[in-house]
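Undergrad: Sequence order for the protein chains is A and B. Anchor point for the first sequence: position 43 equals 42 in numbering that gives the first Met the number 0, and the numbering is continuous, going up by one each time. Anchor point for the second sequence: position 86 equals 85 in numbering that gives the first Met the number 0, and the numbering is continuous, going up by one each time.
The reader is advised that the hints may include incorrect statements.
Unchecked claim - Think about it this way: if two alpha-carbon atoms lie no more than 16 Å apart in a straight line, the pair counts; the simulated EDC-like pairs of lysine to aspartate or glutamate are:
1) LYS202(B) x GLU188(A)
2) LYS112(A) x GLU208(B)
3) LYS81(A) x GLU20(A)
4) LYS55(A) x GLU36(A)
Hints were generated in silico from the structure; no laboratory data involved.
2 protein chains.
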Amino acid sequence: MIKITLIGSGNVAQHLIKAFEKSAFIELTEVFSRKKETLENLLDSNKITTDFANLKEADLYIIAVTDDAINDVSKQIPFRDKLVVHTSGTSSIDTLDNKNRKGVFYPLQTFSKNKAVDFSVVPICLEAENKDDYNILEIVASSISNEVFEISSKQRKALHVSAVFVSNFTNHLYQIGHEICNEHQVPFEILKPLIQETADKIKTLNPNEAQTGPAKRNDIGTIEAHLAFITNDNQKNIYKILTQSIQNNGKKL
Amino acid sequence: MIKITLIGSGNVAQHLIKAFEKSAFIELTEVFSRKKETLENLLDSNKITTDFANLKEADLYIIAVTDDAINDVSKQIPFRDKLVVHTSGTSSIDTLDNKNRKGVFYPLQTFSKNKAVDFSVVPICLEAENKDDYNILEIVASSISNEVFEISSKQRKALHVSAVFVSNFTNHLYQIGHEICNEHQVPFEILKPLIQETADKIKTLNPNEAQTGPAKRNDIGTIEAHLAFITNDNQKNIYKILTQSIQNNGKKL
Numbered sequence: 000m001i002k003i004t005l006i007g008s009g010n011v012a013q014h015l016i017k018a019f020e021k022s023a024f025i026e027l028t029e030v031f032s033r034k035k036e037t038l039e040n041l042l043d044s045n046k047i048t049t050d051f052a053n054l055k056e057a058d059l060y061i062i063a064v065t066d067d068a069i070n071d072v073s074k075q076i077p078f079r080d081k082l083v084v085h086t087s088g089t090s091s092i093d094t095l096d097n098k099n100r101k102g103v104f105y106p107l108q109t110f111s112k113n114k115a116v117d118f119s120v121v122p123i124c125l126e127a128e129n130k131d132d133y134n135i136l137e138i139v140a141s142s143i144s145n146e147v148f149e150i151s152s153k154q155r156k157a158l159h160v161s162a163v164f165v166s167n168f169t170n171h172l173y174q175i176g177h178e179i180c181n182e183h184q185v186p187f188e189i190l191k192p193l194i195q196e197t198a199d200k201i202k203t204l205n206p207n208e209a210q211t212g213p214a215k216r217n218d219i220g221t222i223e224a225h226l227a228f229i230t231n232d233n234q235k236n237i238y239k240i241l242t243q244s245i246q247n248n249g250k251k252l
Numbered sequence: 000m001i002k003i004t005l006i007g008s009g010n011v012a013q014h015l016i017k018a019f020e021k022s023a024f025i026e027l028t029e030v031f032s033r034k035k036e037t038l039e040n041l042l043d044s045n046k047i048t049t050d051f052a053n054l055k056e057a058d059l060y061i062i063a064v065t066d067d068a069i070n071d072v073s074k075q076i077p078f079r080d081k082l083v084v085h086t087s088g089t090s091s092i093d094t095l096d097n098k099n100r101k102g103v104f105y106p107l108q109t110f111s112k113n114k115a116v117d118f119s120v121v122p123i124c125l126e127a128e129n130k131d132d133y134n135i136l137e138i139v140a141s142s143i144s145n146e147v148f149e150i151s152s153k154q155r156k157a158l159h160v161s162a163v164f165v166s167n168f169t170n171h172l173y174q175i176g177h178e179i180c181n182e183h184q185v186p187f188e189i190l191k192p193l194i195q196e197t198a199d200k201i202k203t204l205n206p207n208e209a210q211t212g213p214a215k216r217n218d219i220g221t222i223e224a225h226l227a228f229i230t231n232d233n234q235k236n237i238y239k240i241l242t243q244s245i246q247n248n249g250k251k252l
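Please take these sequences and the hints and turn them into a complete structure.
TA: Dropping the structure here:
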């Protein structure tokens, strides 16, 4: 059994708690949360601490907090020479304080509070300073996921930026679609199979092959009709810029 | 059996041919294609014509061609008072020539040549000038799909604009993610579960609830780090505009 202490109570922390609690190889020794109540529906109350001074010894400390807080939290761990990792896609391994052995345990998925996640298909990107520490992280990651990758800090940054495009920005485009449907009294439901199919296509086609639509066809009439139809300036601007980007596909502007 | 003549040989036409050929209620009498070869792998050669003058009588004529060509094609149909529909999301019902009864048969899905589509879950948006014609379209649509909707020309325009955002533009964001991964030698595969989950979340959460990421959290440090990391000016511009749009969410700019 690998003993893990988790620090954090946000979306990532909560989904990790659920995944670790199911794993036969992991003992979730303790979780640090600023407010005990946040986690009481997930965990025995005696496993939650609100005081860094009370942290128990463990094989691995996982810091799942906002990027800005990682360095400060890593300093507050009251031990030396322990394996301490963060879960951030964007922070370097060196954000962690030097007093402990450093690593990264980055689950590349979008976590929402009200939506369960099947962790077995969540890619986990690992980084460590030496082979022994990497092996520990690999055992932990493999105990909750089938998709484990060794990824450097630079590669992780590229992945995180890409993830913002394919997930956060994509979801925002769903929201714009939702707003346009609402404005014209059309059920957004009608678009859901299209959203699924657009994502499904990427399993078998590369995005360039999968591209369709008026911008791809260079169908100026439809593009102009759409721009005339959209009443919101922000939506209009996004429509123009993404259309242009598709039309200029491949060229560096 | 409802007799259908299809005019067109592009993605939509080809997927409709496959769907109609499977239906027990539809007899696909004839398909018009400018080049016979385009459809010979889908259809008996004697069912394909390249000459409008040869078109046989049918209960329904479906024009599945580019928007610009709909009006011209509708004029070339050598009959009067037949039910003639187009499959466009963006053209009005009045794009069709007046000599025949007009309608719209718009399957709201993204069709790629190399990817099969399960038509039973494709929403089909119908419009007709009278109840009898609507009933014919409804029988045809219901014979290939479980999702049939009566949608006016104005509503269809809103749906089509929304579809461009949630599908064409989304796919372009996948492509940008793909480019960034390639540039930094990271396998794009790692992002595929995230792409699926982002689409899956929309089944149960509305897009506003589902929104995550640095823009939503207003995490300026990460946003600035990402902008510094992105080398392509076009990608950088799209990152900025979509981030700002998420930050200003709900406000009309």
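Undergrad: If you check each hint against the structure, which ones fail?
TA: 3 and 4
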